[in-house]
Amino acid sequence: VVDPATLEGARVRLRYMPTRGDYALNLARLKALGVEEVWATPKIPFMIPLFLGFLTAFLVGDLILSGTLWFSGRL
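In our numbering, the protein residues as written are 456 to 530.
Do not take every clue at face value.
What the hints assert, rightly or not - Cβ pair distances, simulated, as ranges:
no. : residue 1 : residue 2 : range
1   : Ser527    : Ala495    : 37 to 47 Å
2   : Ile499    : Thr523    : 26 to 36 Å
3   : Leu514    : Arg484    : 39 to 49 Å
4   : Arg466    : Ile503    : 25 to 35 Å
5   : Trp525    : Lys498    : 49 to 59 Å
6   : Asn481    : Gly522    : 39 to 49 Å
7   : Ala479    : Thr523    : 28 to 38 Å
8   : Ala512    : Leu485    : 37 to 47 Å
9   : Arg529    : Phe509    : 21 to 31 Å
10  : Leu485    : Phe513    : 40 to 50 Å
Think of the hints as simulated: they come from the structure by calculation, not from any bench.
None of these values were measured; they are calculated from a predicted model.
Ideal Cβ placement from N, Cα and C applies to all residues, glycine included.
Throw the hints in and build the complete structure from the sequences for me.
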C-alpha cells in the first residue's frame, strides 16, 4: 500500500509480469527520481512452497507429531 501523501501527484505503475531489463539503468533512474526504498517480491509464486509442504505431508505424514512421539520415546 502506497501512502498517497508521499506521492505528491506522481504516477505509480505496478508491473505484474516485468520484462527483463538493464538493472543498472533501472537503478540509475530510481536514484535520479530520489527513490530511497524499493519493495520487491520473490519471483517464485507462493503455490510452489505450498505444494512442497502438501507433498511432504502427503508422503511423510505429520512431521511434528512423529518428532514429538519419537522425542518422548513413544514411537
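Results for each hint:
1. Ser527 <-> Ala495: 37 to 47 Å: 43 Å, holds
2. Ile499 <-> Thr523: 26 to 36 Å: Between Ile499 and Thr523, where Cβ atoms are some 30 Å apart, the hint holds.
3. Leu514 <-> Arg484: 39 to 49 Å: Holds, at about 47 Å.
4. Arg466 <-> Ile503: 25 to 35 Å: Holds, since Arg466 and Ile503 (Cβ atoms, about 32 Å apart) stay within the stated range.
5. Trp525 <-> Lys498: 49 to 59 Å: At 37 Å between Cβs, range violated.
6. Asn481 <-> Gly522: 39 to 49 Å: 45 Å, holds
7. Ala479 <-> Thr523: 28 to 38 Å: Distance hint for Ala479, Thr523 is violated at roughly 51 Å.
8. Ala512 <-> Leu485: 37 to 47 Å: 42 Å, holds
9. Arg529 <-> Phe509: 21 to 31 Å: 26 Å, holds
10. Leu485 <-> Phe513: 40 to 50 Å: 44 Å, holds
When held up to the earlier numbered hints, the structure conflicts with 5 and 7 and fits the remainder.
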